[in-house]
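Asker: Each chain is listed here by its residues.
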Amino acid sequence: MELLLNQEESMVKDSAKEFLSTHAGPSLHRKLRDNNCSRGYSDALWSQMVDLGWPAVLVPEDYGGLGFSHVAMGQISEQAGSYLASSPLFASSVLGVSAIELSGTQQQKEELLPSIAAGELFLALAVDETPRHNPEFVDCKAKKSGSEYSLSGEKLYVVDGHISDKLIVSAKISNNQEDIGSTTLFIVPTASKGIEITRVPMVDSRNSSTIIFENVHLSERQILGGVGNGSNVLSAILDIANTHLAAELLGISIESFRRTLRYLKERKQFGVNIGSFQALQHRAATLWSEIELCKSIVLKALRSLDNPNLSTPRLASSAKAKTCKVAALATNEAVQMHGGIGMTDEFDIGFFLKRARVAQLLFGDQRYHTNRVSELSGF
Amino acid sequence: MQDLNDFRLETRDWLENYCPQSMRTPVVDEIEKYCGGRRSSYFSEDQRAWVESMISKGWIAPTWPREYGGGGLTKEQEQVLKEELSAIKARSPIFSSMGLSMIGPAILEFGSEELKRQHLPKMIRGEIRWCQGYSEPNSGSDLAGLQTRAEDFGDHFVLNGQKVWTSSADKSDWMFCLVRTDFDSGKHSGISLVLFDMESAGVTVRPIKLISGASPFCETYLDNVKVEKNQLVGEINKGWTIAKYLLTHERQNIGDIGNVTRSHTLSEEAVESIGLHEGRLSDSGLRTEIAEWQIDYECHQLTMERVNLEIESFGVGNTSAMLKYYGTELNKRRHELEMSIHGGAALGWGEDSIARPWLRSKGNSIEGGTSEIQLNIISKRILALG
Ligand SMILES: Cc1cc2nc3c(=O)[nH]c(=O)nc-3n(C[C@H](O)[C@H](O)[C@H](O)COP(=O)(O)OP(=O)(O)OC[C@H]3O[C@@H](n4cnc5c(N)ncnc54)[C@H](O)[C@@H]3O)c2cc1C
Ligand SMILES: Cc1cc2nc3c(=O)[nH]c(=O)nc-3n(C[C@H](O)[C@H](O)[C@H](O)COP(=O)(O)OP(=O)(O)OC[C@H]3O[C@@H](n4cnc5c(N)ncnc54)[C@H](O)[C@@H]3O)c2cc1C
Chain D
1 MELLLNQEES MVKDSAKEFL STHAGPSLHR KLRDNNCSRG YSDALWSQMV DLGWPAVLVP
61 EDYGGLGFSH VAMGQISEQA GSYLASSPLF ASSVLGVSAI ELSGTQQQKE ELLPSIAAGE
121 LFLALAVDET PRHNPEFVDC KAKKSGSEYS LSGEKLYVVD GHISDKLIVS AKISNNQEDI
181 GSTTLFIVPT ASKGIEITRV PMVDSRNSST IIFENVHLSE RQILGGVGNG SNVLSAILDI
241 ANTHLAAELL GISIESFRRT LRYLKERKQF GVNIGSFQAL QHRAATLWSE IELCKSIVLK
301 ALRSLDNPNL STPRLASSAK AKTCKVAALA TNEAVQMHGG IGMTDEFDIG FFLKRARVAQ
361 LLFGDQRYHT NRVSELSGF
Chain G
1001 MQDLNDFRLE TRDWLENYCP QSMRTPVVDE IEKYCGGRRS SYFSEDQRAW VESMISKGWI
1061 APTWPREYGG GGLTKEQEQV LKEELSAIKA RSPIFSSMGL SMIGPAILEF GSEELKRQHL
1121 PKMIRGEIRW CQGYSEPNSG SDLAGLQTRA EDFGDHFVLN GQKVWTSSAD KSDWMFCLVR
1181 TDFDSGKHSG ISLVLFDMES AGVTVRPIKL ISGASPFCET YLDNVKVEKN QLVGEINKGW
1241 TIAKYLLTHE RQNIGDIGNV TRSHTLSEEA VESIGLHEGR LSDSGLRTEI AEWQIDYECH
1301 QLTMERVNLE IESFGVGNTS AMLKYYGTEL NKRRHELEMS IHGGAALGWG EDSIARPWLR
1361 SKGNSIEGGT SEIQLNIISK RILALG
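Chains D and G, in that order, give the protein sequences. Per the working numbering, the first sequence starts with residue 1, numbered consecutively. Per the working numbering, the second sequence starts with residue 1001, numbered consecutively.
Simulated from the structure, these hints should not be mistaken for laboratory data. Beta carbons are placed, not taken as given, at the ideal position from N, Cα and C, and that holds for glycine. Errors might be hidden in some of the hints.
Residues from chain D shown here face chain G by an in silico Cβ test under 8 Å; the list is partial [said to hold, decoys possible]:
1. L3
2. L4
3. N6
4. Q7
5. S10
6. W288
7. A321
Here are the simulated distance ranges between beta carbons [claimed, not checked]:
8. D:S10 - G:K1075: 19 to 27 Å
9. G:N1318 - D:H23: 29 to 37 Å
10. G:E1052 - D:M11: 49 to 57 Å
11. G:A1087 - D:A279: 40 to 48 Å
Put together the whole structure using the sequences plus the hints.
Answerer: What follows is the structure, given as structure tokens:
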């Protein structure tokens, strides 16, 4: 039953839908934006998420978590897309937890996972240094002297960077002049001396920041996943990131389509509902079909995260590529079919277009992942 | 569960013994496909043995009742059988059978006991090949507008009219045919479904040549064709219900079309034909389009799988129009890409032409209800737009 939700997963989905539909949604998002909320999410919403155990979903039971599957967490990611819910779940409870769980030492796990699960510690992933996703380009340097390192460089588009307690940073180890190791990951406390974090306002009004490191002092114990092992670990983390973003994009597509369909049945022009025009019907039917396809690939890719195998990277990229394309279509069609009102800030549909655009670009857009699929398939 | 496992092992064992090695290879040429019917012949002795073994097991129609020659299997057993067949890449014993896939299930569902006994065993044994007489020159998408008349003469009907696009009419033995039996009531309420022998007096078949050069379908003229009343499927004037039931079956079959097991994927074909430069397909535009196609193809395959599971588990399903629409559009895209991959080599008109299947694929989004009609169905029935 790979392509159906089991009971536990359905329960998570239903409760996420019920909770977020009443406690999150466009009006909360609008309030956060208009009030220029400094943390970028609602503390009240977050503490309820903590009560529901969401930050603990992916954390193994041994470390104070629930030990649920990615499929279960993916249901929350999807609903977070539908209800535009911003929270530290993605950066901390999905990416942070996965990174530590996949590659942390026993000590790192014991130190970090229980507090992330309790919603008390926030992590963020600092990877990109270029406007378009390119995890292989790493100009950040960790200069080695003895068993100590000194980190310098700049990271862009760090989700939740400015609210995080610790960053996971990719850097190249060097001695004074040359690179001496391939990419390595470090766990860096944001309180360290030499770190400057600037929150950058983005089109989706969510958290994003630019981070400058200047001779940040690090010890060997802060290495995550071993020296020179950064690319391998990172690529597994990014597969997880992109699959959950695909689930979010699916949620965005489903909700913007639902709103559009409702509008087609309400809005009258020429004396009839605009939904009676075939020009719009066929586009709606095509979009519905595309969304059905997205549901299947997202579920398949989430399952694959729970049972990683050779196809996992390809499935993750396929899911991201497909949902990027369909979310772009769904949100563009949504604005178009709403006519003039879809262009107004007062109307909510634009929020979906904006969030979809950012989620698409984050960790690789449709073009990036289509290319990765062909690369992974040997052509 | 244990029983199902036993069944799997028995099936595997049986197939090992009765499926000849040559029947476990991909079909290279259309003429290797056995379609049954009075005029059919076997391509090889292995083929004869394979078809006859499957007939004797009843596995030509795995879930049909044994009394009509079927296998009497449960749905779960049928699934196991399919999995075992596909594991050894076994060829379908009888190909593209409108009997097994369309009128057979309709007779089982709506037909009289007499019709079941008369027709089902012969379908299964491959003795009679069937064709579908729906479309007419003036009613294609608007099927319910059909004008072929069946007049009531007490114990029989007399048919007059013209059918068109009748696939394989020239190779078929019987037709299931939609006719108008009530000329005064509404469009949908005066239609009946009848069966007749293509050798009946007054049936004339004229093959139509397609853009692909082949003649897989015909015009069928009906001139005072006598049809016994007992060849009526279901009730008189209730044929539209059965027609809709059948169209759903047909859609599922055509939607499956991209699903043919091929020895090469599109990207392998491209690598072979165009070559790699530093590990990547030399033509970057084509590379992107092929990757996009492969992603969509996988999504469609997974969706068929998911939808079937949902139907089995929850008994709901209104997705056949979507799968038909998407599957056929994908198949057309596949052939477009194949033409581009092979360049000039695809343009030849020989027997192994790449252009012929490309041209044939254009019909996928027309036959069995056009893509536009599928989108209408999705809009009306699923999205409730109107
Ligand atoms: C940026 C901007 C500037 C504007 N400036 C001005 C201005 O200066 N002065 C002014 O008077 N107006 C202005 N407009 C209004 C503009 O002309 C209308 O928004 C436009 O005509 C569409 O009407 P509507 O918004 O009511 O959408 P609707 O007519 O309700 O359309 C909603 C959707 O239904 C579709 N639709 C409607 N009828 C059919 C049909 N028969 N068949 C198929 N699809 C159909 C539309 O294409 C659209 O996708 C402006 C609009 C915008 C966005
Ligand atoms: C390869 C092949 C095999 C076939 N085999 C058989 C067979 O065995 N038996 C049989 O009975 N028939 C068969 N057909 C016929 C097939 O079912 C019809 O061709 C099909 O239903 C379309 O009808 P038409 O050709 O009259 O086109 P039309 O109905 O005239 O359609 C012309 C165009 O108008 C569009 N259109 C029509 N109505 C609408 C609407 N309401 N909204 C939007 N667009 C619309 C169509 O989508 C199409 O693009 C076959 C056809 C093909 C191509």
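Asker: Taking the hints in turn, state whether each one holds.
Answerer: Consistency of the hints with the structure:
Hint status for D:L3: holds, given a least beta-carbon distance of 4 Å to chain G, under 8 Å. Annotation: interface hint on D:L4 holds; nearest CB of chain G at approximately 5 Å, less than 8 Å. The restraint placing D:N6 at the interface with chain G is violated, with a minimum CB-CB distance near 11 Å, outside the 8 Å limit. Interface hint at D:Q7: violated, since its Cβ lies 12 Å from the closest Cβ of chain G, which is beyond the 8 Å cut-off.
The criterion of a C-beta within 8 Å of any C-beta in chain G is not met by D:S10, whose closest approach is roughly 11 Å, and the hint is violated. About 6 Å separates the beta-carbon of D:W288 from the nearest beta-carbon of chain G, less than 8 Å, and the hint is met. Checking D:A321 against chain G: minimum C-beta separation of about 6 Å stays under 8 Å; hint holds. Judged by the Cβ atoms, the range 19 to 27 Å given for D:S10 and G:K1075 holds: they are separated by roughly 23 Å.
Judged by the Cβ atoms, the range 29 to 37 Å given for G:N1318 and D:H23 holds: they are separated by roughly 33 Å. Checked against the given bound of 49 to 57 Å, the beta carbons of G:E1052 and D:M11, roughly 52 Å apart, stay inside it. For G:A1087 and D:A279, the hinted distance range of 40 to 48 Å is satisfied, since their beta carbons lie about 47 Å from each other.
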